[in-house]
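Below, each chain spelled out in residue letters.
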Amino acid sequence: MHSHILELNGVYQKYPAKKKKMRTILSDINLQVSPGELVTVVGPTGCGKSTLLRLILGSERPYQGSVKVNGAEVKEPARNRGIVFQQYSLFSNLTVRKNVMFGLELEYFSLPGRFFGFNKSKLKEFKEKADEYLQRVGLLEHSEKYPHELSGGMRQRAAIAQAMVMKPEILLMDEPHGALDMGTREEMQIFVLEQWKQENLTVIFVTHDLEEAVFLGSRIVVLSQFYAGNTSSGGAKIVKDVPVGWELPRPTSIKHSKKFSEIMQSIRHEGLDPHFLQEIRDFDLRHNDSLSLNTTENWD
Amino acid sequence: MHSHILELNGVYQKYPAKKKKMRTILSDINLQVSPGELVTVVGPTGCGKSTLLRLILGSERPYQGSVKVNGAEVKEPARNRGIVFQQYSLFSNLTVRKNVMFGLELEYFSLPGRFFGFNKSKLKEFKEKADEYLQRVGLLEHSEKYPHELSGGMRQRAAIAQAMVMKPEILLMDEPHGALDMGTREEMQIFVLEQWKQENLTVIFVTHDLEEAVFLGSRIVVLSQFYAGNTSSGGAKIVKDVPVGWELPRPTSIKHSKKFSEIMQSIRHEGLDPHFLQEIRDFDLRHNDSLSLNTTENWD
Amino acid sequence: MISVFKINARPGRFACFVLPWVLFVVCFLLYTRASFVRHQENPRDKLVPTVTQLIDGVKRSAFEEDRKGDLRLWVDSWASTKRFFIALIIISLGILIGLNMGAFPYLELFFYRFFLFFDKVPALALLPILFITFGLGEVSKVALIVIGVMPTIVLDTFLRAKEFPRELNIKAMTLGASHFEILYRVILPNIFPKVLDTLRLNLKAVVLFLIAGESLAATAGLGYRIFVVRRYLAMDIIIPYVIWISLLAFSADFLLRYWIRHKYQWLNK
Amino acid sequence: MISVFKINARPGRFACFVLPWVLFVVCFLLYTRASFVRHQENPRDKLVPTVTQLIDGVKRSAFEEDRKGDLRLWVDSWASTKRFFIALIIISLGILIGLNMGAFPYLELFFYRFFLFFDKVPALALLPILFITFGLGEVSKVALIVIGVMPTIVLDTFLRAKEFPRELNIKAMTLGASHFEILYRVILPNIFPKVLDTLRLNLKAVVLFLIAGESLAATAGLGYRIFVVRRYLAMDIIIPYVIWISLLAFSADFLLRYWIRHKYQWLNK
Amino acid sequence: QAKTQTFTVVWSIYAGWMPWDYAGHSKILDKWAQKYGIKIELKKMDYIPSVEAYVAKKADACVMTNMEALDMPAASGISTSAIIMGDFSNGNDALLTRNNIGIKDLKGKDISLVELSVSHYLLVRALEMNGLKENDVRIVNTSDADIAPAFIANKKQEAVVTWNPLVMEIMQQPGIKNVMNSSSIPGEILDVMAVRTEVLQKHPELGKALAGAWYEVMATMSKRGAEADKAMEIMAQAAGCSLTEYKAQLKTTAMYYKAKDAADFTGGSEIKEKMNYVRNFCFSHGLLGENARSVDEVGIQYPDGSVQGDKKNIQLIFDSRFMVMAAEGKLE
Ligand SMILES: Nc1ncnc2c1ncn2[C@@H]1O[C@H](COP(=O)(O)OP(=O)(O)OP(=O)(O)O)[C@@H](O)[C@H]1O
Ligand SMILES: Nc1ncnc2c1ncn2[C@@H]1O[C@H](COP(=O)(O)OP(=O)(O)OP(=O)(O)O)[C@@H](O)[C@H]1O
Ligand SMILES: [Mg+2]
Ligand SMILES: [Mg+2]
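Chains as they are written, first to last, in the numbering used here: chain Y, 828 to 1127; chain S, 828 to 1127; chain B, 3 to 271; chain E, 3 to 271; chain U, 127 to 458.
To be clear, the hints were calculated from the coordinates, so they are not data collected in a lab. All values derive from a computational prediction rather than experimental measurement. By construction, the Cβ of each residue, glycine as well, lies at the ideal position given by its N, Cα and C atoms.
Now the in silico label distances, taken between C-beta atoms and shown as ranges:
no., chain 1, residue 1, chain 2, residue 2, range
1, B, Ala36, E, Gly139, 17 to 27 Å
2, U, Ser348, B, Leu25, 57 to 67 Å
3, U, Lys233, B, Thr135, 23 to 33 Å
4, Y, Lys848, S, Ser1080, 40 to 50 Å
5, E, Gly137, U, Ser348, 35 to 45 Å
6, B, Gly139, U, Asn261, 13 to 23 Å
Covered by chain Y, according to a simulated footprint, are these stretches of chain B (three or more residues, beta-carbon under 8 Å):
no., region
7, 166-176
8, 183-195
Below 20 Å or equal to it, Euclidean Cα-Cα: the simulated SDA-like pairs (lysine to any residue) are:
no., chain 1, residue 1, chain 2, residue 2
9, U, Lys386, U, Glu454
10, B, Lys70, U, Gly234
11, Y, Lys847, E, Trp268
12, S, Lys925, E, Leu170
13, B, Lys164, S, Ser919
14, Y, Lys845, S, Ser978
15, B, Lys164, E, Lys196
All chains, full assembly: derive it from the sequences and hints.
Listed below in structure tokens is the structure:
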């Protein structure tokens, strides 16, 4: 058995740039994730968070280095890794409910089975399950609509339900709450936590909302292209990788605690401020699974 | 002269729903905006904020009621109203810089002029202007890229630059910072305020981030479908319309003041909580331009 | 006043009803005028028959038995329609080929260049080879249509399948779809209405090859009749036949359009 | 092992080089086999000439002067190419018509149904009317191509222009674009590569009508030659001509594809 | 003076019409046109389109058979004068079979031919002469461009009626039998130069120039020897075949090399009898118009002034004036 469900070793990613050159986006990323972790990833815009997710997902292969899930090299997207894309990706030819049922059907019916051995009771079961999740994301009354009839936030929620209902081993979420208002966002956060706990998921959650990152994460990873010695083409590294000690799920009131804002402040300063250039050796990689040593700390 | 640059009177909007029925989205919206205001609009997801903007923009006509800009009925989108869409709308066949220059060129060159009387110096001027704005939104180094080569946040910023550079009388922004991380978002907020002040714009700014709404707005409008007596098909109304007394631009530190969180709390409670159903007569429409009486208050 | 050159104009009911017919009426008037002039010059003119003659031609073809005792128009229509539909069914297989080519890189490599070249081969110029391969009967006529139109359908479906957003395929994979399921449950349903549009636009080519095929060797069929009566310049038969063919194709097109619009409402965005 | 049926397969260099040619080779082998069999049966067979005979045919048409001192193949190619390009230029105007129809609701009303019907009229069946209208010269040949292909281009451009996202038009209006500017500076540049794709797929129809037109009345041209030697079953000339025509059309297609790929890199998404 | 009048003459490929191409190629036609102060433009077309162009008045003269002259222009009110009797088919049109089938065995068989063409006529005559009716066989309309390969490639097809050079090509295949050809009905399938009467009346010089050029070419061809071979070589090339092939085709074409012979035939009585067969065929197959009430609907006038059919509707005129002039040397 592998103690780590996900391992990235020395991963580089480069994209073709002008004049046949390659631009480095990710530089020497090392990341190990244990099962059941809820890793939140933050970083300046354009640093490569979505790219990182694509690598884990397997829709892109790294330029160098290896990405392993359960010890096996990632070759292509698969059933055990769910994804909620930054730009919502619903199937425009299916209603919201059908979108959510789609994965369940795929898993149960083979292609010909779909046409012949039509199992009505199974379908009904799937419908109920889909409706349960739609209810949870507050879209039950819109279940007959097509994606183009939904508002931005509604699409995001539908995409979340679509991925959640499949209970993937690893759930990758790329700014899934980008289009949600605060109230709904909080509801969705609670939903994610609940599902995480209940289904024992491993979640990689990319967000640009620091509060969200600190509130949700059992561990926070900061990716940034701003560190000492990095010219514009050096690519982003993990500049911070810290555990968040509070037990999950947390009460929303924790957001107002002093410790909470302290963490937010330090991440904002060390991780997200382009003018603060940390030396590589100063990176705060305190997490157990990180490659540096770890220190203990008090969480109350 | 009209004292109000924008007037909405008794505006209803309905969309076709199932079985040939119409679903009411906006119900009896009355809104007057004086020149130079910075109105932030918040509301639960799916309440019709984007719809409201489309009506002001003129890309949709109201089902009932009138939308007037400078006293004239709005018939179609026009040069005097700029827009930043929720789903970024860059021209995918143009580079970022060309996207920003596009409006300037349109305004200056007639269609044939584009092919014949090619004014090089003018083009250069536009290029410089575009670069100035790109610099401001931090995209100068990406100015030669095509939209599909940008990350989500970068596209949003490009779209903001594209709209800003035209200095429209009224600038409509639909969750323009949805895909931005906190740091960049703050920078963009400052940029919006700066432009607003400098060019004396009137801005209607839709956001789902309450903090942003309170920080930016000279006036906050809350749109909600949750109020007493509203069945699911009643449509959203303006349930709150209040001035924010601090002078603009504000120091970011204000976000931590007590008054600030009080305002946020009250809006969240009265405006965004689906379980708190206000009576229509209790709506807090304190703003000068609002139809109710106004009271004075202390801002420090 | 009227905002003819406005992209957001909303034509009224009257305009919606009248405008589509204007050009038809204009054509009709031009024709009758031309026919009138020619008949004044030469009362026995056969090239541009008068409307009365055309109506008479229709009557004769549709309601009077010919030498063989057939009601020509119906016999011909039936023969052609059969060929048309058989060809259409075979051509539709092209959708599957294109889909597979668009989705599987190896199949693309294997087929694309060949189809691209094959598509350009003017089938009509290679009829002898067709005869050797398929004989002179119905098979060769259907084969001509298939050879003429299928590559276009294949290539078009191919392009559509290729431009289908990768994200959605990836999404489907994470939902547990196999590679084949992605083809038939994700890509195909999504591009299908567009592919039907292509089929629709190619009905014309089907008709063209149908007529060409029938002119080569046949004993009945709309194209056959046109080419036979051409031998004595019976434009009073040819013109109604041509209009009839166009109408049939137009109706097929219309039905497809209607089907697309109603069945695929999610397309409206 | 080899992931032929994988949508994300990445064929290696060798596969990329070899696979596209397999079907060509298969066709060639089938042909030589058929030719061999027929020649054993009847050594004078003309329908399926041997490869040697084909090469000889090419030599005669391409490198030996005929009685007029012309190198036929080149004279014919030149004549056809001229017509091809003239027709192509005229057909391209269809793009503008389709664009305007797609953008302006009134023009859509006015033209759409007519083009839809007109598109279905089998032009080849109405040749006498074509003669009356356009005479016997080059004009009628080009007209045949234009009548045959332009409606398709118009309709396709129309569809593309109509499905162009409204948001971007609105955006352009807020940036001060007039309705005409939206057409020519927003919609057209955006749909142009797709329209070129359509044009590309219709090269085949152009060639078809070109050949048909040349068979009717001409003194030179690829189609003309095919129809002249056809009476003598000179397949040793016809087959090289057909391959040559296909190659020319294929190259035109290829150049367009290349142009689209390189000029419109923003399409890659 | 106004511009010199230009006339368009359309022609199509057929053994008996190739001399027109030579006349154009060798500038003989130009020479004669110049002599009469006109210009003549020769245009090569496919056969049926060429007649259509003539009927549409886009051409002033056209080579065609007597049958098409009757059922295409004449029947549609384009009064037509046949001014040069070029030849008659003397074996150029033939009924070919495989598997040793005779005419009497054709009953119930499929026969490929171009419907309503002279092939059709030949078949009907052949059946008649052997006591069969048209309804006894099944006619499959096959386009002339493809009839040869279709028949050769398709061994199931047992009978075909067609004309040269296709006959020649098919005969080269093993096991083909020529069971009946136009040499059994001499003088019924005539190839003429047709000029619109209207044009001819206004510009008789067109007739003169055409006749002059034609008989000059005829003279060259009938001389035999190197010069004739050279001329025929050119004709052969234009037809897309070799000199031997072309000569073989000429053997089954009864050319009227001498103007006098042509004029005599046109002016004789035999032609009326032959035309009677043809017009009856045309009428019974609806070629005179589907509404034609009788075979007499269209009038045919002969050089002696006699008229076959409706005297008030003379649309086809056999006009031997120019052949006579040529014979008498008045065109020199
Ligand atoms: N296909 C591509 N070709 C070239 N460059 C690319 C491509 N995709 C992404 N990039 C570049 O890679 C960098 C990282 O992009 P990515 O989308 O991963 O950023 P991100 O961290 O998700 O940003 P955001 O928070 O704005 O979503 C950007 O600079 C972008 O321009
Ligand atoms: N074209 C349409 N047809 C039918 N219903 C529509 C259409 N467009 C929007 N709606 C509905 O109108 C309501 C309001 O949509 P709108 O996009 O204005 O919401 P919003 O307030 O902008 O939401 P969000 O914060 O999620 O962007 C939604 O319930 C949506 O389903
Ligand atoms: Mg991203
Ligand atoms: Mg919205």
